[in-house]
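Enquirer: As a plain string of letters, each chain reads:
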Amino acid sequence: MADWQIYLTLGIITAVVIVIAFDLIDMAVATMLGVVIMLLSGILDESDFLKVQGTAGGVIALLFGGMVVARVLETSGVFDTLGVPFLRLTRGSGRRYLLLIVPTVAVICAFLPNAATVVLIAPLIIRAAQALGISYVGPMVLVAIVSNAAGLLTLVGDPATYLVGTAMGMTFPQYIRQVSLGGLLAVLVIVPLLPLLMRDVWNTRRELPPTGPMPRLQRPVFVVLALSVLVVMVLLFLFGQQLPTDIGPPAAAILGATLALLAVQGLRVEPVSETLRAVDWKTLIFLGAIMSLMQALEKTGMIQGMSLRLADWLGSEYTLVALTLLAAVGLMSTVLANIPVVAASIVMTKGYFVAIEAVPEIALSGQFTEWPTAALPVFIAMMFGGTLGGNATLIGASANVVAAGICAQQGEKVSFARFARYGVPITIAQLAVATLYILALVWLF
Amino acid sequence: MGSSLAFASDTVKSIHTRGQLRCGVSEGIPGFSARDAAGRWSGLDVDLCRAVAAAVLGDPARVKFVPLKASARFPALQAGQVDLLVRNTTWTMSREVLLAVEFPAVLFYDGQAFMVPAELSSTPAASLQGPICVEKGTTHERNLARFSAAHGTKVEALVIDSAHGAAAALFAGKCRAYSSDASQLAALRLQAPGGAARYAILPERISKEPLGPVVPNSDPHWGSVVRWVLYTLVEAEERGITRATADRAVPLAIARGSTDARARADWDYSVRELGLRHDWAVQAIRAVGNYGEMFERNLGAGSPLRLERGLNRLWTQGGLMYAPPLN
Numbered sequence: 145m146a147d148w149q150i151y152l153t154l155g156i157i158t159a160v161v162i163v164i165a166f167d168l169i170d171m172a173v174a175t176m177l178g179v180v181i182m183l184l185s186g187i188l189d190e191s192d193f194l195k196v197q198g199t200a201g202g203v204i205a206l207l208f209g210g211m212v213v214a215r216v217l218e219t220s221g222v223f224d225t226l227g228v229p230f231l232r233l234t235r236g237s238g239r240r241y242l243l244l245i246v247p248t249v250a251v252i253c254a255f256l257p258n259a260a261t262v263v264l265i266a267p268l269i270i271r272a273a274q275a276l277g278i279s280y281v282g283p284m285v286l287v288a289i290v291s292n293a294a295g296l297l298t299l300v301g302d303p304a305t306y307l308v309g310t311a312m313g314m315t316f317p318q319y320i321r322q323v324s325l326g327g328l329l330a331v332l333v334i335v336p337l338l339p340l341l342m343r344d345v346w347n348t349r350r351e352l353p354p355t356g357p358m359p360r361l362q363r364p365v366f367v368v369l370a371l372s373v374l375v376v377m378v379l380l381f382l383f384g385q386q387l388p389t390d391i392g393p394p395a396a397a398i399l400g401a402t403l404a405l406l407a408v409q410g411l412r413v414e415p416v417s418e419t420l421r422a423v424d425w426k427t428l429i430f431l432g433a434i435m436s437l438m439q440a441l442e443k444t445g446m447i448q449g450m451s452l453r454l455a456d457w458l459g460s461e462y463t464l465v466a467l468t469l470l471a472a473v474g475l476m477s478t479v480l481a482n483i484p485v486v487a488a489s490i491v492m493t494k495g496y497f498v499a500i501e502a503v504p505e506i507a508l509s510g511q512f513t514e515w516p517t518a519a520l521p522v523f524i525a526m527m528f529g530g531t532l533g534g535n536a537t538l539i540g541a542s543a544n545v546v547a548a549g550i551c552a553q554q555g556e557k558v559s560f561a562r563f564a565r566y567g568v569p570i571t572i573a574q575l576a577v578a579t580l581y582i583l584a585l586v587w588l589f
Numbered sequence: 059m060g061s062s063l064a065f066a067s068d069t070v071k072s073i074h075t076r077g078q079l080r081c082g083v084s085e086g087i088p089g090f091s092a093r094d095a096a097g098r099w100s101g102l103d104v105d106l107c108r109a110v111a112a113a114v115l116g117d118p119a120r121v122k123f124v125p126l127k128a129s130a131r132f133p134a135l136q137a138g139q140v141d142l143l144v145r146n147t148t149w150t151m152s153r154e155v156l157l158a159v160e161f162p163a164v165l166f167y168d169g170q171a172f173m174v175p176a177e178l179s180s181t182p183a184a185s186l187q188g189p190i191c192v193e194k195g196t197t198h199e200r201n202l203a204r205f206s207a208a209h210g211t212k213v214e215a216l217v218i219d220s221a222h223g224a225a226a227a228l229f230a231g232k233c234r235a236y237s238s239d240a241s242q243l244a245a246l247r248l249q250a251p252g253g254a255a256r257y258a259i260l261p262e263r264i265s266k267e268p269l270g271p272v273v274p275n276s277d278p279h280w281g282s283v284v285r286w287v288l289y290t291l292v293e294a295e296e297r298g299i300t301r302a303t304a305d306r307a308v309p310l311a312i313a314r315g316s317t318d319a320r321a322r323a324d325w326d327y328s329v330r331e332l333g334l335r336h337d338w339a340v341q342a343i344r345a346v347g348n349y350g351e352m353f354e355r356n357l358g359a360g361s362p363l364r365l366e367r368g369l370n371r372l373w374t375q376g377g378l379m380y381a382p383p384l385n
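Protein chains in written order, with my numbering: chain A, 145 to 589; chain B, 59 to 385.
Any given hint could turn out to be false.
Unchecked claim - Straight line, CA to CA, 20 Å or less: simulated SDA-like cross-link-like pairs of lysine to any residue: (1) K127(B) to K426(A); (2) K194(B) to A146(A); (3) K71(B) to E501(A); (4) K443(A) to D68(B); (5) K426(A) to E514(A); (6) K71(B) to D192(A); (7) K71(B) to Y151(A); (8) K443(A) to A158(B); (9) K127(B) to M145(A); (10) K443(A) to K266(B); (11) K194(B) to D456(A); (12) K194(B) to S460(A); (13) K71(B) to D189(A); (14) K194(B) to D192(A); (15) K266(B) to S206(B); (16) K194(B) to G252(B); (17) K443(A) to W457(A); (18) K71(B) to I181(A); (19) K122(B) to A146(A); (20) K127(B) to V503(A); (21) K443(A) to H74(B); (22) K71(B) to F193(A); (23) K266(B) to A92(B); (24) K195(A) to A158(B); (25) K122(B) to S460(A); (26) K71(B) to V503(A); (27) K127(B) to P504(A); (28) K127(B) to D456(A).
Stated by the list, open to error - Only some residues are given here: those of chain B computed to face chain A with a beta carbon under 8 Å: (29) R76; (30) K122; (31) P125; (32) S129; (33) Q136; (34) G138; (35) T148; (36) W149; (37) L156; (38) G195; (39) H222; (40) A226.
These are calculated hints, taken from the structure and not from any lab test.
Source: prediction; values computed, not measured.
Each residue gets a CB set at the ideal place from its N, CA and C atoms; glycine is no exception.
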């Protein structure tokens, strides 16, 4: 890439973020416009779109599948039934409602893909908010933010944690011992902020109507089929990659969507085209376009190339390197998709350790796992930065975009500024807790 | 004569857009890549970079040389900071497989040797005792340990951060010998206080060090470009085509006097597939001369190093330099 193309790439990405932040152009259109300019200036070409298929294709397939299954579950009326006990658990209290969201989402997202979880859980959250007479925007933002932070609880909780964890050669138990506590703290630090950030919801008290009979399911066979599809999909999320034929989460989601559509057509619930019309295509297009912008950023080699500068500037000051990465990767992830940022940061971090001769050059390979103990806080800091930074803004993580898309479909638009009102303070608090956690790890190791 | 980039690899397209080849070289190894007082680079590695730039861009001057420490070379290549790494790098299986790189061909057959004070010049390598300096981050330490174990010698490696540091340690008497690639030892010997004659390079070679250019393996066509530029220089020597007579290399595939239309067509297709200029072979040879000229100028009789060609002679003269057919 020529220097002018590197500057143009950075300029286009900055302009797209600004345009979205100030709500000047629709976010999907703004990112598509950015992609078109990159195409015309030769920054992106056909081969780049093939690479984007590899990175964005999985996320988009996962969301598409989740959206189809969620729509089918909604049509079956199962959310109306499940919504009743969920609402009862809140006892009409906004405080209990918010406090219920945190552990529920955290536990699910520790094992299932974040964005898909947001899609599947959203109908329950929105129905409960409507019953309590409150706006569902704050709670949906909370769902997205908790889902991102909860991704840190386990090695498989988030693509970013999985990428960094495997690059370090971490096993599942090792991850639980060294990282999960930090993830838990990042989730828990949200709780004391809720009364401040979501005061209206927190202070809400509603008299719930007396418990009546559970709503009657209109099509019990369809409900059973729809729930079976959900169970199959969730089981494949959890165990699909251990089958003789590797079925990753995107494939599991497509499989779930196919079975759900088959049930819809087989039982003549509604035309398949109607089910597909309910998919939030704008969100999917936005994610595809923003991943294309990320491909251009990756082509500049700027993030990966920082390894040698980091070695020159900071030498073997690991604590400083860890905190620098936490801040820098966290800041980048606020407006850039965290998976490509983390993937590029792994190359950078490995390059840094090779350049300062802390490890042999073979450490650049994916096979290498003999990292010195002192290197672990550096990797973990990068992981926390990549995962938590995305909580700050609407476009920082796919779960955020999905949550905003669902709110828009329900009739309430979530602007960049509105998301940031919740996201920025929570992210600052989470990164502060992460800093303390990293310092504790440095001290321990 | 221009080039069509319709089929060119991503790297070739990037180089064209940038108008410059970025070549990773050493921070200063005489004979391979070193800068003079005026800042002009020279050496065998540098010449290969210039030949590739000439083949791709038609101008050997359109190269940005990026000096790299040994430990920084692969991170720089992986991060895309250089298009091509030509930095005294030994082709090994683990590097090629694990680092996702490709060594398109061998530029220089080297071997690890020992440099000792001249008074020890008749000492067999297996009889050396005491600390032996080696450069950190290279394969030399492992080779030395293997040699030591095989011969039961009582040597210990004294690992020094850089090649210059290791040589300085030998010159200061901190180690008994300095073990590195023979070519590198010859280059560093020139800097010895009191002159190169005060130090000798023992004749034993304790390792095979095929040094070659390196590219990322994600772009096989780019590896092909580098490979065939280097083989063209070797083929040119075999055919007696020199810098002065480079125009005879149009195209090398039919230069044997054949009027084979098939060979000409295959050559044209290959050139188009690689995204090279139609006159790339002429440009490369005109830029740096044939392989023999490059060797003599940088390492051989025409250079301060005065290295023997040894294994780097053409195959027709008992060496290992052999270019596959260019058709």
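Enquirer: Quick one: which hint numbers does this structure break? Sort them smallest to largest.
Expert: Numbers 1, 2, 3, 5, 9, 10, 14, 16, 17, 23, 25, 26, 30, 31, 35, 36, 39, 40 - these are the hints that the structure violates, sorted from lowest upward.
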